[in-house]
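S.K.: If you want the building blocks of each chain, they are given just below.
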Amino acid sequence: MGVSRGIRAAALSLLFFAIFIAAWQIAVGGDAGGTANVDPEYAKLIGKEAATGNKSAMPSPLDVARKFWDHLADPFYVRGTNDKGIGVQLAYSIARVMGGYLLAALVAIPLGFVIGMSPLVYRALDPFIQILKPISPLAWMPLALYTIKDSSTSAVFVIFICSIWPMLINTAFGVAGVRKEWLNVARTLEVSPFRKAFTVILPAAAPTIMTGMRISIGIAWLVIVAAEMLVGGTGIGYFVWNEWNNLSIANIITAILLIGLVGMLLDQILARLTRLITYPE
Amino acid sequence: MPDREERPLIRAEAIAKVFGGDTVTAVFEDVWFSIARGEFVVLIGHSGCGKTTILNILAGLDAPSAGVVLVDEREIDGPSLDRAVIFQSHALLPWMSVAGNIAFAVRSRWADRPKRKLREHVQKFIDLVGLTGSEKKRPAELSGGMKQRVGIARALSIQPKMLLMDEPFSALDALTRGTLQDEVLRLCQATNQTVFMITHDVDEAILLADRIVLMTNGPRAKIAEIVLNTLPRERTRHDMHKHPHYYRIRNHIIEFLVDRSKAFDQEIAARGYDAKHPPLVSPGLAEPPQAVPALAASQPIPIAALRAGGSDQIQGRRLA
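Chains as they are written, first to last, in the working numbering: chain A, 1 to 281; chain B, 1 to 320.
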């Protein structure tokens, strides 16, 4: 029991990782030596070894690691429209997510405040929210492309529409749930409505609002990949689809790993912020 | 005793509160009382007689279903900085420090006070309640007693015309409660503060109050009588029980809470009752023989314990 739980957990993580890599290596290093009739076009595409079945088209862990390293070594090059560094592609995606997300926050938080303060407005807007909330954000895409016309802005709009709901609902919920006694303190001190909103209701509801913002950033990051596969041009989603067309599985796996890492980073930033504004009772 | 006849600070006139939709029942009705400047009035009654509702009406947080409450001859139409509330649950804002909570109140009263003066004012009230050194702590880092000290400092810092206290010490342990009662007694005597307080604790009422308002059980609760506290105002928690009036007042109140508060309707059916002028009684001045049956009636458990202990002792003696 001398070793701390953290170290033991890390050791176990490493073990799981090793097992996974080993299984992967064994799975792709297939040795079935069948020499079937192979379409020469197909063989050209995915390599002779893979086409004859001597080697899987799936890259080995080492191939992916090498690719990953290549991308990280030079992430920001631009050599034409279809050949940009993975860092550039990620930057495009993050910029779109941030744009749509911040716009959504700008709308959702004030509107959520109003909904949370007024049961009347809540009842009036509830049917709209209930119907709009479950719509897949991608369903908006054709409409956005038609009305906005610009594909990149359409992607931002899709992010906006998917990240607005958790923030809106959590803000309304947090504002409506501010403890009555805190409001009574403000009332007995004759605090003006404006000052009450900023010094009592906002700090009291802040942890709930922040939870909504954290859910939203997660959803926005999920959706951007799909949205960029549709609109094309730039972004990590487009990169994945482009590499699928190139049949470069190693690049796809690299991109998948990076999408996961960036998503985790965004979530951790929001988690940090949440901890900053959470108050112990 | 302050002069109660001359323009009281607060006058509650025929106030009632009705709850419920279909089966409308008044929690209390036809309640009349007044509070003079510098007077400490305590309201005592069982749960459900609407004590907190009465306090909330005085605070302006709630409105009576009937009747009015006048402050300085003007009807209450909402909360006011002149009537500071000390909440049972202290109601501190947990994201602010001790100093921040008090500064929030001070800034509500004097919005354009310069920063340095504001800080001095806040510090004065932190020192007053003995929290020097804890200015930067968050409420979550404080004990229950310290939290309520902040609540008291916050209420006093806006220099209100009167304090409203809703069972301020009921959530505290006995030791802390005693210390805080002493502090409140000291502060109120020093500043001649007008106070209206709700409590369950008979000793707390006798220690602090000039007059004790006794309420009958709800629904349709009313003021049964008002007990004049005839103990000298310079009393302390340690010596008040030595005064001859103490047990008479205490027994009178306990007898009321145990027996009379339930059957008050039958009591007034026999002798009549004027809600506008509930009887003002001074049990402290009563003749000692009257106090003895009251003691027997009001304290069944101690008496039973005494009897049990007594018989043991007798047996013990016999055996010896």
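Errors might be hidden in some of the hints.
[Unchecked claim] Partial pick of chain A residues on the chain B-facing surface, computed with a CB cut under 8 Å:
#1 THR188
#2 LEU189
#3 GLU190
#4 PHE198
#5 ILE219
Worth flagging that the hints you see were computed from the coordinates, not collected in a lab. Nothing here was measured: the structure is a model prediction, and the numbers come from that model. Ideal Cβ positions, reconstructed from N, Cα and C, are used throughout, including at glycine.
S.K.: Looking back at the hints listed earlier, which ones does the structure fail to meet?
M.R.: 4, 5
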